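**Q** Kindly produce the complete structure, drawing on both the sequences and the hints.
Residues per chain are reported as follows:
There are 2 protein chains.
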Amino acid sequence: MLSYTITKKCPHSRARAGVFNTRHGTVNTPVFMPVGTLGTVKALSPEDLMTCGAQILLGNTYHLYLRPGCEVIDRFSGLHRFMGWERPILTDSGGFQIFSLAKLTAVDDAGATFQSHIDGSRHLLSPERSADIQACLDSDIMMCLDQCIPYPADKTAASDALDRTIQWANRCRNHWLNRHGGKNNLFGIVQGGMYPDLRRRSVEELLQVDFPGYAVGGLSVGEPKDLMFEMADVSLQALPEQKPRYVMGVGTPGDIVELVALGADMFDCVLPTRNARNGQFFTRTGTLNICNAKYRLDRHPLDEQCNCYTCRNFSRAYLRHLYMAKELLAYRLNTLHNVYYYLDLARQIREAILEERFSEFRTGFYRQYGQRKAP
Amino acid sequence: MLSYTITKKCPHSRARAGVFNTRHGTVNTPVFMPVGTLGTVKALSPEDLMTCGAQILLGNTYHLYLRPGCEVIDRFSGLHRFMGWERPILTDSGGFQIFSLAKLTAVDDAGATFQSHIDGSRHLLSPERSADIQACLDSDIMMCLDQCIPYPADKTAASDALDRTIQWANRCRNHWLNRHGGKNNLFGIVQGGMYPDLRRRSVEELLQVDFPGYAVGGLSVGEPKDLMFEMADVSLQALPEQKPRYVMGVGTPGDIVELVALGADMFDCVLPTRNARNGQFFTRTGTLNICNAKYRLDRHPLDEQCNCYTCRNFSRAYLRHLYMAKELLAYRLNTLHNVYYYLDLARQIREAILEERFSEFRTGFYRQYGQRKAP
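Taken in sequence, the protein lines are chains A and B. Counting from 1, one number per residue, gives the positions in the first sequence under my numbering. Counting from 1, one number per residue, gives the positions in the second sequence under my numbering.
Read the hints as simulated data drawn from the structure, not as lab findings. Here the structure is a predicted model, which is why all the values come from computation and not from measurement. There may be inaccurate statements among the hints.
Same chains, same names: a pair is fine if it fits in one copy or spans any two.
[Unchecked claim] In silico SDA-like links for lysine to any residue, alpha-carbon gap of 20 Å or less:
1) K294 - F76
2) K155 - M324
3) K294 - R67
4) K243 - R122
**A** Have a look at this one:
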């Protein structure tokens, strides 16, 4: 069972630095988890990720279930050996992709019936099946199947989805204990749409089920940024201090800084990897689009102060050339930088908390990054 | 000026092991040069290439002239700093791509007028212009512009193209000496189609011009394998022993073993990189197509004896999964293996020559690789 220790609390916000252990090693929080959808963080090797300092990856249960499938991964006794990653892995439940990517055909108490986005084949994902697949992946942190709703959603729909999510959380937990002996760790997910009272109820009922850690789901689904922060705030405040708190699928560098201030410990987001493939870089002074003609003859690195392989070895002109020519190396070098940026941001945040200067860090971050003030 | 030293000659064939120096370091021959068309060996970083043991890369003048263009590369004082590669570079003349890839509009004594395959813009590549571009790239070995002909070609066409190639070789050399002070090294190219007497005449006339090294061009253009070996044999035999001999654009692993036996020292070919992107691997027991369903659950590395990053860390099942899912990492891992294979083959050939066991190596190579006997 995962034990989470708070190493240091920020005196001016709810930010905290902590640490937890898994069978595959220790994770220092706040932590960013690069997204490795199909058993690879797109364009990066495990060695690249180690070099960037990744502590823990996220794998997508929906994608891995469809390709390569459990039969293949079972031959390797889990995802770690299959993909050559020896550090911790967290897997989602598959729920979010079923509601966003697959063609959903029915949701009832039994689970969600969907058609694969690849070949149209039909599948049922139940809370028990999601736990089985994640047990096969042998992830260090598994997530309960939750029912995701679109934004906007009326209160009845949000409340119904919340009820079902709690019911499924109970079933996931029982199945995980009875069928899988409680191996690794299972986290519960807070839902409740954009309704503060539902968010609070969601936390209360999840705490009754009892998990070693909790995630805040259903954010960054199209709502205004202020509403996202409000829902995160309500959810995070209600969660117990002694357990790790994971905000799913959020967000920009600024979002992460703010969510840490609200008490979040763990993050994942496709922005660094996806935007890299679209030629957008994150730097400490904001984003930079490498397509811009002004970089054609630019001999400087992306970010003079960055220590990633890309910044230590290549110029903006070269990166622009590779990207404009659609060279495969562009995707790797771009992704390396952005993933390094996000991981380094989390490291800097953690260091600032440990050294009791998180408030100064936060102010300095916005001054440099040039985004709107903290909410 | 490049000085080539023969370290060891095989007593049973014309194979030899040698060494030459350039401003960017030493090259041990026989050597395979990975193809870095657009300032990158597709999918690999300079660090990857160092790890594979690449001694020298090939850059394509035609491609680099069009993208990013000389103005950009000039800012970096050449291709080495632009792409972050500190070891030697050889560039071709651009001739082959003009005759194969661009829309050729006219060839006369002045040069070749062509339309870019990217945007249709018109350009004239003359012998002098080719030398200028290569001087801007600052390649350690530059090639003279030659006129390439299709296969089959009648003798008059082959003879005319040969005459023009010699005339251009003279102009290239004069321009290189007068305009560029003879910096780096300029190689001449043997042409003559599939006519042994023209091949011999081509060598004789090139020797009158005098170059620090010679290449055999116009091979692997669709002719039967036996004819390719016959033309290579005639050309290589006629070339002086004291100068390095480069067979352009050839070939399979078996071709390289045979051409070494015929006295060739340098090779380049897109097979390892291009086939990697098509899921075909070179292994010591022959080629392997990773799409094959039989690898779906295969936990073995591609090649148990291979020391590349891919073989040391990943299974066939994982490589198949990445490739079938079109994951970007597939292209890098596949290319890493194939480039390592070719570089390692050249290293093994060299070692065998140095240890006076090249004949045994050659026999053993075919026994394992399972291809037809040597010609």
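**Q** Evaluate each hint against the coordinates.
**A** Status of the hints after comparison with the structure:
no., hint, in the structure
1, K294 - F76, "between (48 Å within a copy, 16 Å between copies)"
2, K155 - M324, "neither (47 Å within a copy, 43 Å between copies)"
3, K294 - R67, "between (41 Å within a copy, 16 Å between copies)"
4, K243 - R122, "neither (37 Å within a copy, 66 Å between copies)"
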